[in-house]
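Respectively, the protein sequence lines represent chains L and R. For the first sequence, position 27 matches number 27 in our numbering, and the numbering has no gaps at all. For the second sequence, position 161 matches number 238 in our numbering, and the numbering has no gaps at all.
Take the hints with a grain of salt, since some may be wrong.
Stated by the list, open to error - Below, simulated DSS-like cross-link-like pairs (lysine-lysine); rule was C-alpha separation at most 27 Å, straight line:
hint, chain 1, residue 1, chain 2, residue 2
1, R, K316, R, K123
2, R, K391, R, K81
3, R, K128, R, K103
4, R, K357, R, K123
5, R, K355, R, K123
6, R, K362, R, K316
7, R, K354, L, K53
8, R, K316, L, K53
9, R, K355, L, K53
10, R, K316, L, K58
11, R, K81, R, K357
12, R, K360, R, K123
13, R, K360, R, K128
14, R, K355, R, K128
15, R, K362, R, K391
16, L, K58, R, K123
17, R, K81, R, K128
18, L, K53, R, K123
Note that these hints are calculated values from the structure, not bench results. In this text the structure is predicted, and so the values were computed from the model without any measurement.
If you want the building blocks of each chain, they are given just below.
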Amino acid sequence: MSEFYEGLAEILEVDEAEVTPERELGENWDSLAIVSTIALIDDVYDVQVRPEKLAECKTVGDVEALVEAHRSESGDA
Amino acid sequence: MHGKTGQHAQTRGARIVGVVSALPPKVVENDAFVDRFGDAVAEVTKMTGVKSRHVAEDGVATSDLCFAAGQRLLEGLGWEPETIDGIIFISQSPDYPLPATACLLQERLGMRTTTVAFDVNLGCSAYPYGLWLAMSLIQTGSMDRVLVAVGDINTRANDPLDRSVAMLFGDCGAMTALEAGDPEADQAHFVLGTDGRGGDNLIVPASRHRDRTGDARFAGRNLDMVYMDGAEIFNFTLKAVPALVRETIEVAGVPQEEYGAFLFHQANTFMLNHLAKKAKLPKDKVPINMDRYGNTSSATIPLVMTTDSAEQLKADRTRIGMFGFGVGYSWASASLEVGPLRVCETVIA
Numbered sequence: 001m002s003e004f005y006e007g008l009a010e011i012l013e014v015d016e017a018e019v020t021p022e023r024e025l026g027e028n029w030d031s032l033a034i035v036s037t038i039a040l041i042d043d044v045y046d047v048q049v050r051p052e053k054l055a056e057c058k059t060v061g062d063v064e065a066l067v068e069a070h071r072s073e074s075g076d077a
Numbered sequence: 078m079h080g081k082t083g084q085h086a087q088t089r090g091a092r093i094v095g096v097v098s099a100l101p102p103k104v105v106e107n108d109a110f111v112d113r114f115g116d117a118v119a120e121v122t123k124m125t126g127v128k129s130r131h132v133a134e135d136g137v138a139t140s141d142l143c144f145a146a147g148q149r150l151l152e153g154l155g156w157e158p159e160t161i162d163g164i165i166f167i168s169q170s171p172d173y174p175l176p177a178t179a180c181l182l183q184e185r186l187g188m189r190t191t192t193v194a195f196d197v198n199l200g201c202s203a204y205p206y207g208l209w210l211a212m213s214l215i216q217t218g219s220m221d222r223v224l225v226a227v228g229d230i231n232t233r234a235n236d237p238l239d240r241s242v243a244m245l246f247g248d249c250g251a252m253t254a255l256e257a258g259d260p261e262a263d264q265a266h267f268v269l270g271t272d273g274r275g276g277d278n279l280i281v282p283a284s285r286h287r288d289r290t291g292d293a294r295f296a297g298r299n300l301d302m303v304y305m306d307g308a309e310i311f312n313f314t315l316k317a318v319p320a321l322v323r324e325t326i327e328v329a330g331v332p333q334e335e336y337g338a339f340l341f342h343q344a345n346t347f348m349l350n351h352l353a354k355k356a357k358l359p360k361d362k363v364p365i366n367m368d369r370y371g372n373t374s375s376a377t378i379p380l381v382m383t384t385d386s387a388e389q390l391k392a393d394r395t396r397i398g399m400f401g402f403g404v405g406y407s408w409a410s411a412s413l414e415v416g417p418l419r420v421c422e423t424v425i426a
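All chains should be built: construct the whole structure from the sequences, respecting the hints.
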């Protein structure tokens with residue numbers, strides 16, 4: 001997850017050490033952050049997540065769970 | 078033949094001989110938005126890469142920019158207007174709902190009344206679409222010289238308070254001249270596709286025919302202004318464009334290394350960098366000029382040709398890939414050899 005956390009830290013404008021599954025996405029979780037995260041997930045995992053699903057995420061763990069759901073989905077396809 | 082990402086088409090016997098882009102003189106820098114958007118200006122700029130854009134003054138219509146580009150193009154080529162057999166105008170911002178802007182340009186440019194002229198309503202995919210149409214018309218043998226006008230005055234449909242569009246778009250008009258050559262030479266390949274499920278994600282919802290005033294998606298908005306769901310558009314391009322690039326290179330049968338440039342619709346700098354990386358294209362072959370001009374919709378690809386790629390296209394014959402994608406959703410690509418162009422320039426009109 002380190003490449004993903006590194007990217008997420010940059011998007012959320014915090015230190016990488018602060019990026020944990022429990023971390024709240026907070027007020028920086030706006031439309032620009034969501035677009036950046038779509039690109040990050042595409043880069044790291046080669047999956048495309050739905051923007052509205054990302055918008056519903058509250059914590060870093062929610063984002064990870066969303067990525068996992070997409071990965072297992074594309075694996076089944 | 079149906080490919081994975083679109084309809085495959087190929088033409089022979091037609092080539093581009095010149096391109097001119099016309100920009101309105103007024104330039105608006107990002108500083109002008111700080112009062113309205115504050116710190117968000119820096120954040121949006123980091124994403125879109127747009128630092129300034131040319132904006133048409135009140136009263137200037139898309140045909141004015143295309144006309145200026147056309148005049149300079151014909152003068153540069155030494156073409157008499159009566160020698161031209163057809164003109165296609167492709168835009169999302171025609172002068173009027175009717176008549177077709179192509180008809181107005183036929184008259185202004187002094188072309189024959191036996192000229193074929195029609196409009197096509199497309200934006201981001203306009204330029205490869207236009208080349209495919211014009212080259213197909215020439216290939217039938219019924220026309221020797223065809224003009225393709227593309228252009229948009231986008232800024233008038235920008236909601237000044239909507240940061241997703243207010244700082245992104247710019248205005249431009251362009252004219253391209255195509256001519257018949259050796260019927261067996263100048264093979265060009267195209268891939269063209271459509272997914273209307275994305276229609277509502279980039280739309281000017283005002284319509285005399287369909288009332289969208291009660292639609293929650295557009296609640297509190299002026300329906301005459303463009304609505305863009307940037308994240309949805311980005312998601313679409315991630316799925317569609319890398320596959321389009323791969324398929325275009327494959328159907329043209331020319332190795333990627335032999336391309337002189339890959340000209341992308343200038344949608345958003347962050348997106349273009351990401352797409353180029355994902356498609357494994359060398360950065361130096363993917364020119365990005367939208368820092369200076371913004372996203373000019375249908376005119377982005379010719380505007381790259383007449384600015385960042387002008388020296389290359391004037392000097393040599395070069396294998397070029399072109400990729401337009403967005404509003405519709407509609408996408409189109411072209412792989413063809415271009416140059417040395419006799420006229421390839423940008424004018425202020």
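Going down the list of hints, with the structure as the test:
no.	hint	in the structure
1	R:K316 - R:K123	holds, 23 Å
2	R:K391 - R:K81	violated, 34 Å
3	R:K128 - R:K103	holds, 14 Å
4	R:K357 - R:K123	holds, 22 Å
5	R:K355 - R:K123	holds, 20 Å
6	R:K362 - R:K316	holds, 22 Å
7	R:K354 - L:K53	holds, 25 Å
8	R:K316 - L:K53	holds, 17 Å
9	R:K355 - L:K53	holds, 23 Å
10	R:K316 - L:K58	holds, 25 Å
11	R:K81 - R:K357	holds, 19 Å
12	R:K360 - R:K123	holds, 18 Å
13	R:K360 - R:K128	holds, 20 Å
14	R:K355 - R:K128	holds, 25 Å
15	R:K362 - R:K391	holds, 16 Å
16	L:K58 - R:K123	holds, 24 Å
17	R:K81 - R:K128	violated, 36 Å
18	L:K53 - R:K123	holds, 24 Å
In summary, the numbered hints that this structure violates are 2 and 17.
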